[in-house]
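Peer 1: Top to bottom, those sequences are chains A and B.
Residues in the first sequence are numbered from 1 upward in steps of one, following our numbering.
Residues in the second sequence are numbered from 1 upward in steps of one, following our numbering.
Hint data in this document are derived by calculation from the structure and do not stem from the laboratory.
From the three backbone atoms N, C-alpha and C, an ideal C-beta is built for every residue, glycine too.
Beyond 12 Å from chain A on every Cβ pair, some chain B residues (computed):
{"hint": "1", "residue": "E3"}
{"hint": "2", "residue": "A10"}
{"hint": "3", "residue": "G28"}
{"hint": "4", "residue": "N29"}
{"hint": "5", "residue": "G46"}
{"hint": "6", "residue": "T150"}
{"hint": "7", "residue": "G171"}
{"hint": "8", "residue": "K193"}
{"hint": "9", "residue": "E205"}
{"hint": "10", "residue": "V223"}
Computed footprint of chain B on chain A, listed as stretches where at least three residues anywhere in the stretch have a Cβ under 8 Å from a Cβ of chain B:
{"hint": "11", "segment": "30-38"}
{"hint": "12", "segment": "95-102"}
{"hint": "13", "segment": "148-159"}
{"hint": "14", "segment": "162-172"}
{"hint": "15", "segment": "176-184"}
Simulated pairs of lysine-lysine, DSS-like, Cα-Cα distance not exceeding 30 Å:
{"hint": "16", "chain 1": "A", "residue 1": "K72", "chain 2": "A", "residue 2": "K211"}
{"hint": "17", "chain 1": "A", "residue 1": "K199", "chain 2": "B", "residue 2": "K271"}
{"hint": "18", "chain 1": "A", "residue 1": "K142", "chain 2": "B", "residue 2": "K111"}
{"hint": "19", "chain 1": "B", "residue 1": "K141", "chain 2": "B", "residue 2": "K24"}
{"hint": "20", "chain 1": "A", "residue 1": "K80", "chain 2": "A", "residue 2": "K199"}
{"hint": "21", "chain 1": "A", "residue 1": "K142", "chain 2": "B", "residue 2": "K24"}
{"hint": "22", "chain 1": "A", "residue 1": "K192", "chain 2": "A", "residue 2": "K79"}
{"hint": "23", "chain 1": "A", "residue 1": "K142", "chain 2": "B", "residue 2": "K240"}
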Amino acid sequence: MTHHEVEKYRKPIRILHWIHSGAFVLLFLTGLIIFIPGLGFLAEDSWTRVIHRVGAAIFVIIPLIYLVINPKSVGQGLKKAFTWGNGDMGWLKAAPRYYFLGDEKEMPPQGEMNTGQKLWWFLTLVFGVIFVITGAVMWFAKLSAPAAVLQWMVFVHDVAFIVTGAMLLLHIYLGVFHPMMTEAWNSMTGGKISTEYAKKHHAKWYAEISKGKE
Amino acid sequence: MAEKAILYDATKCTACRGCQVACKQWNGNDEVIPIIENGVDSKNRGSYENPADLSPTTWLKMRFTEVEAGGRVRWLFTRQACMHCTDAACVRVCPNGSLYHSELGFVSYNKDTCTGCGYCADACPFSIPRSDRNLITGIAKMDKCTLCTTQGLDRLAEGMEPACVKTCPPGALIYGDRSALVAEGKARVTALKAAGWNNAYLYGENELGGLHVMYVLDDSPAVYGLPVSPQVSAATIAWKDVIQPVGWAVGGLTIIGLGMNWLVARANANKEGK
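Same shape as in the complex, but just chain A (with noise of 0.2 Å):
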């Protein structure tokens, strides 16, 4: 039997995705240092908010450097996160059987992104430009900004680490772990996904690839 495959993400999508990922998981674990009391002493003498400094320029240069690459590329990506339509309900409902006990019946055919992995996106932009403007204050307006407005810059950016932190962990089982998410891993390094893999997971989005190609 021949291989078939398709390119689910293309080069410059998944070196984004790798720099930015890479740069975020080092954000969460110096803030993680910080968090969890017993582990605070590693954060002595300031060195891993130099380290989370670094990070966090990584974190908003990248996908701006990206912005200027290929601005069509980004208003692609911006306008999935805010596109939903009727087969969304039918993930949700759909979703619980499907991610425990592999039940694809009741799952409606889903685009290049599902609802979940929209939505997960989604909350990614949001809880970004959250992270981005309450650290940009604790960083640069340290001496002049109010007390008050500090700490809770503090709250603000604590909030968003823990849904961030939840969702990296469920965006590494999905992608990593899950058994019936066998070639998620695969997208993103290599990029190409077997068809039948496409097919069964992002059947919409197969039908639109290959629409005059048969």
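Assemble chain B onto chain A, guided by the hints.
Peer 2: Okay, now just chain B, sitting in the frame of chain A:
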């Protein structure tokens, strides 16, 4: 060990600022005097307060307040330094316990383990902690009054009084057991009231669970420019008592949830595979 405290009597203070000098001298916090050709680079800031503010090397500063009352100007003095709160916001928010209560009740800190986050400075109801902060890298270390308990410079452990108390010429500062000083402060307030100072007040007896630096005032704290009812801020409580436990719960439940999903989904995948 009995809790200790400092009692400051604003009605005895002459604002000589000997305490400021003694504090700097004992703790090795030299002041840099800006020099220009043939003189000192001085500015008139409209006050006799000097230096202008607390800093990592100025842990104690006398605050001068001018008040007009009854057709005359009153020049009021208070002591601006760590109040060593019982319910200390800085101790609550310190991420790794670098700030802690000593057995004498004072708020001590371990400068070696300080991460320089600055949460204490933002949480303090009296705006006391200071740090030299590199705004770009974020490298910082906090400093504040240690009540002369800095390791290697610990006067109290050697049975001495804090430097500021030792030097005070009019005896406006006294050091001793907190309970004895509360009684002494109350007696002085009673005497002030008897002399016609109806708003006389012992500041720090009950504020923030009891301060370890208390003030005898001949007027209300507001007149002296002190926070009338200092509180641990809502943001401090929201962060420490809400966000941190919620973080643990969300993190734990996520891991448990994903683990359960993995067990169930794997079992089903194996079943279908057979």
